[in-house]
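My request is simple: use the sequences and hints to build the entire structure.
Residue numbers (my numbering), protein chains in the order written: chain A, 1 to 215; chain B, 1 to 407.
No lab work stands behind these hints: they were computed from the structure. Wrong hints could be hidden among the right ones.
Straight-line alpha carbon distances no greater than 27 Å define the calculated DSS-like cross-link-like pairs of lysine-lysine that follow [what the hints assert, rightly or not]:
hint : chain 1 : residue 1 : chain 2 : residue 2
1    : B       : K52       : B       : K84
2    : B       : K80       : B       : K52
3    : B       : K163      : B       : K84
4    : A       : K16       : B       : K52
5    : A       : K25       : B       : K80
6    : A       : K18       : B       : K52
7    : A       : K27       : B       : K52
8    : A       : K30       : A       : K16
9    : A       : K30       : A       : K130
10   : A       : K25       : B       : K52
This structure is a prediction, so every number in the text was calculated from the model and none was measured.
Letter by letter, the chains look like this.
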Amino acid sequence: MGRLGGFRVTLRQVFKPKVTGRYPKEKRPKPERFHGRHVLNRYEDGMEKCIGCELCAGVCPARCIYVRGADNPHDDPVSPGERYGFVYEINYLRCIHCDLCVEACPTEAITETKLFEFSFSNREDAIYTKRELLVGDDGRARRQPWELWLGGEDDDTSAWMRATAPSGLEAYEGRVAWSGELGFGVREPERGQQAPPAIEAGPGRSGDEESAAHS
Amino acid sequence: MSLVLRPEILGADPLLEGGLDATVILIVVVKAIIIFVLLLLSVLFYIWFMRKVIADMQNRIGPQRAGPFGILQTLADGIKLFFKEQSEPTTADRPVYLLAPYLSIIPAFLAFAIVPIGGVVSIAGETTELQLADPAIGVLWLLMMSGIGLYGVMLAGWSSGSKYPLLGSVRASAQLLSYEAAMGLAIVGVLVHTGTLSTRGIVDQQSWTGVGSIFSDWFWLPAIGAFVIFLISATAETNHPPFDLVEAEQELVGGFHTEYTGIRFALFFLAEFMNLITMCAIAVTLFLGGPSGPGLEGLGVASDSWINTWLMPIVWFFAKLLVLLYATVWVRASLPRLRYDRLMDLGWKVLIEAAFLWAMVTGLIVVARDQGWNLWIVTPAAAIGALLIYLLLMACVPRREEVEEWR
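Written as structure tokens, this is what we have:
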């Protein structure tokens, strides 16, 4: 075809399934290990997990986390141990949802839900403080009025953390190395990632091969 | 009321034969309004159509939020542009700057006036052609209007007082001038067949007599060379990709309309798409038989019922137009933009010569047919002669390496 080969290429695409979806009307299921907005977890007895060590702030490539630790009050401790996160702020105008804070956290205090549909009308709202980030008494994320929760986003936060073996050794795979969480207890290891079901408009995309390889 | 008006102005329309009265004027005014609205609506439709088809070719869905299937997307864009702030560069030559969009849009509207969109019908006792005007100068009107439209583009860039628009308009004047020559010569390739400039006359000679008339009466096959040259040069004439160097975003920001905002920018945008639709409509008129096509007599509809006299010619016209418009979108989605020297080479070294020689060979064949000469000798002789002339011309043109040496 030579110079006119491009016409064949473009015409061929017309008969292929579409890769885009009708987003706000039809939403695809999110992958199990999706990175969304954070939550600060609590132990099963309601104590906060954060110890104010600032490792998350140190590792954050976007410099969006601000943490200040303080000594626990003796009569009313916030977290087990000596210190707790006195101030904890995440600026969502900067956060890139890389999950490095989750990797850095020694106590699994911070994890990410699968929520990404939240927007703000001013910069103040973009800075989440402990009031917004800390899980409620049921262990679920506190839903803000500007967030669009469809359900299921905070079922298994940062699931990749509970799926990968420490140091990649097969011997550790599936062995629980994390503490319990408020409302959930000690969570099961997440095994195998399921690809999201193919969208209705286009059956049989590459997702099928991936799920076959994982299971 | 009797006006002294030379009927040639509106052309050979039988509407004007009995003199002018209120009914005739009313019909002309209504036709003008219909053409105006039709063009605006077809631009709305075309932009949506283009976005949808390109989306198809890129495995996307395309506009889908405004109205059913997103068909009101263009309207929403238009409303947005209408209410946007209009800024003006301080260096602009103000009167020319304000005039330029109208120099673009008005010829774009006027050019469509000569396109026959239907057959000859009778309204309120008057017989009339379904086209706004049928002047004796016919298709020359199109060349005139696209020539004036060029001023809009050129003056817009020049009066903006800014360098990228100026570069865009310099490109525009060179490109549009060179391709206008090729387009005019391609039209000549049809005119030697028809012997008339009137669009209605051209369409009448392509009337439907059976399936065979697609190949023998419609001019796309007898004038296939002119058809191809016309399509290419019309694409360049309307700044349509792959010839959109006038407004190449990657090179010139926005080209000639960089400094225009709001509704003034929208006017350029509108004019560009209207020109494209007009060019396709003219291609349908010249080469694809315009509104001619089979009626529904085979299905038992009487040949003088309104379906066969009114509806079917219009349906055929728009069906052919849609095919050509799809082709333009297909081209837009497929071809990368030409380099500027390649554009000029194509225009001056290939298309103009090819159109000129095609018109000459066709003229010779037409004369030979009329005089009863032997076509089996004349046709190859004319073709070989044309090839020799082309090679002779090309021998005079310096080759690319030689040009490099001169620098």
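To see whether the hints hold, each was checked on the structure:
With a CA separation close to 25 Å, the supplied pair B/K52 and B/K84 stays within the 27 Å bound. Between B/K80 and B/K52, the direct Cα distance comes to roughly 20 Å. Compliance with the 27 Å bound is thereby established for this hinted pair. Proximity of B/K163 to B/K84 is assessed by CA-CA distance (about 24 Å); at most 27 Å being required, the pair is judged to hold. For the suggested pair A/K16 and B/K52, the alpha carbons sit about 14 Å apart, so the restraint of at most 27 Å is met.
Taking the CA atoms of A/K25 and B/K80, the gap is near 24 Å; set against the 27 Å cutoff, the hint holds. The suggested pairing of A/K18 with B/K52 holds, with an alpha-carbon distance near 12 Å, which does not exceed 27 Å. A threshold of 27 Å between alpha carbons decides the hint, and for A/K27 with B/K52 the separation of about 21 Å falls inside it, so the pair holds. For the hint linking A/K30 to A/K16, the alpha-carbon distance of about 24 Å falls within 27 Å, and the restraint holds.
Note on A/K30 and A/K130: the hinted pairing holds, with a Cα-Cα distance of about 26 Å set against a maximum of 27 Å. Of the pairs offered as hints, the one joining A/K25 and B/K52 holds, with about 19 Å between alpha carbons and a cut-off of 27 Å not exceeded.
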